[in-house]
Amino acid sequence: MSLINILILVGFSLAIFIFSKFDRTHKLRNPLLLALSTGVIFWLQPALPIRGLDFWLPVATLALVALGWMLTSKPEERNPRATLITGALVIGTVLVIALTRYSGMTGIITPSRPPQTLNVLMVLLVVAMVLFLSYILLKGKSSLPYIVGVTILLVIFAALKLPVLTEWLSGLLRLWGGQSRELASALDLRWLGFSYIAFRLIHTLRDRQNGRLPAMALDEYFIYMLFFPAISAGPIDRSERFIKDLRQPFIPSAEVLGAASKRLVIGLLKKFVIADLLAMIALNTVNAGQITSTGWAWVLVYAYAFQIFFDFSGYTDIAISMGLLLGIKLPENFNAPYSKPNLTQFWNNWHMTLTQWFRAYFFNPLTRALRSSKNPVPVWAVILITQLATMTLIGLWHGITINFVLWGLWHGLGIFIQNRWSDWTKPLSARIQQNPSLNNVVTLFTTLLTFQFVALGWVWFALPSTDLSLQVFGRLFGMGA
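Just add 2 to wherever you are in the sequence shown, counting from 1, and you've got our numbering.
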């Protein structure tokens, strides 16, 4: 998001904050959040060269969320009247946005001119029919809704993240829209917030399957999925925590306003001052091939390490500040990760909600499966397999490329080695901890070593090709031309 986008959203959040002070019934916040979050996914959706796609992708987001609710809500928990009102509000918002086609407001609410209203109505009707048929076919099934939902999300994820598949799909959509297939590019399909929405959908599907999902009305489910402060960069909140805040009567106060303002200023400074200044010298595709000295190579790598931290944590601070203005306390995502003495603690404090999500829905189930298998797997092998698999998946989440796989393997192997080393040196560590001065020196050394390992790992993450990454590694250690 740009600074202008953020300031406008902060303005909307502040307006709801002020309005809530006079809303004695505490019943108007949800409709306002629902309508605003629905509109924001159209407004923030990047402009795309494929005709109409920057309108249809937000519509697809709404359809996926509606399908998620139908697959996770129990019939006895649904309120038909409330559901009808919510559906009408969402559809009404979409139609109002579609009608801007005739108002000359192109580029203000949507990046391009919306499709014809009749086409929008037809698509909405088809979506409603598909949702109804899905409900009829899947109701009463215990695991099938989860399997169907996750399969749909994984197929979409692959289509968006695998360049070859993305380019092929782009060509198909261009052909369908009467455009040249020859101009298809993997950059044509940029879907606002899909990754984060997919995480929340899988979370609700899985928890519904396990009987842990709290009952949610349709408006609550939509607001949870589309909550605009966290739509583009997280954090990934859990439904039970989010819904508790949403249902709590929100009483604005000077203390809340002060906390939100402080967090907003910190986030803006991180993102638009520190991170943007560091970006001028941080490692990237252009300057990676122009490195002429080992010292400058290290400057670029360290600058990137801090730039990505201040950029991402700045966005999180901004999201949390807007959440406070809306009565939602979003979870923390970063807790001084570069000050941690080992790689495990780094990942427990870097993008924490992502780490917790993978731990809950992949790492822990895989660990239990390996430990409960008929053929016992050695402990060291369980740790190696689970860490490599989890970190590789986290890498692939960022993009299906060799470099992201290597970045995941880099951290997976690092965590495994650190785990084994910590286990082997427990007696020595216990003796060191008895000497405070020595313990401080060792902690400082391991903290610097951990940061060095993480910073080097960013070389894989920041660059698009293995050859270029190896070239930078060579320059870092005084090798290469």
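No wet-lab data here; the hints were simulated from the structure. Do not rely on the hints blindly, as some may be mistaken.
[Claimed, not checked] Taking CB as the label site, the calculated pair distances span:
#1 160 / 243: 42 to 50 Å
#2 118 / 138: 29 to 37 Å
#3 243 / 10: 25 to 33 Å
#4 308 / 251: 40 to 48 Å
#5 183 / 118: 54 to 62 Å
[Stated by the list, open to error] In silico lysine to any residue, SDA-like type, Cα no more than 25 Å apart, as pairs:
#6 76 / 152
#7 76 / 126
#8 246 / 362
#9 76 / 131
#10 163 / 286
#11 376 / 365
#12 331 / 429
#13 76 / 189
#14 331 / 45
#15 331 / 34
#16 331 / 194
#17 246 / 334
#18 163 / 101
C-beta: ideal position from N, C-alpha, C; glycine also.
>> Holds or violated: residue 76 and residue 126, Cα atoms, limit 25 Å.
In response: holds (24 Å)
>> What's the verdict on residue 76 and residue 189, does the C-alpha distance respect the 25 Å limit or exceed it?
In response: The hint is violated at about 39 Å.
>> Hinted pair, alpha-carbon criterion (25 Å max): residue 331, residue 194. Please report holds or violated.
In response: holds (23 Å)
> Does residue 286 lie within 25 Å of residue 163 when you go C-alpha to C-alpha?
Replying inline: holds (20 Å)
>> Is 40 to 48 Å respected by the C-beta to C-beta distance linking residue 308 and residue 251?
In response: Roughly 41 Å apart at Cβ, these two residues keep to the hinted range, so it holds.
> Hey, residue 376 versus residue 365, does the alpha-carbon distance stay inside 25 Å?
Replying inline: Distance ~19 Å between residue 376 and residue 365 Cα, so the pair holds.
> Taken at face value, is the distance from the CA of residue 101 to the CA of residue 163 at most 25 Å?
Replying inline: violated (32 Å)
> Taking only the CA atoms, is the gap from residue 331 to residue 34 under or equal to 25 Å?
Replying inline: Cα-Cα ~18 Å, so holds.
> Is the hinted pair residue 331 and residue 429 satisfied, with a Cα-Cα distance of at most 25 Å?
Replying inline: Violated - the C-alpha atoms of residue 429 and residue 331 are around 42 Å apart, more than 25 Å.
> Is the Cα-Cα distance between residue 331 and residue 45 25 Å or less?
Replying inline: Given pair residue 331, residue 45 holds - Cα atoms ~24 Å apart, limit 25 Å.
>> residue 246 and residue 362 were given as a pair; does the straight-line alpha-carbon distance stay at or below 25 Å?
In response: holds (20 Å)
>> Next pair to validate is residue 246 with residue 334; report whether the Cα-Cα distance is within 25 Å.
In response: Roughly 17 Å separates the two Cα atoms, so the pair holds.
The earlier numbered hints that this structure contradicts are 1, 5, 12, 13 and 18.
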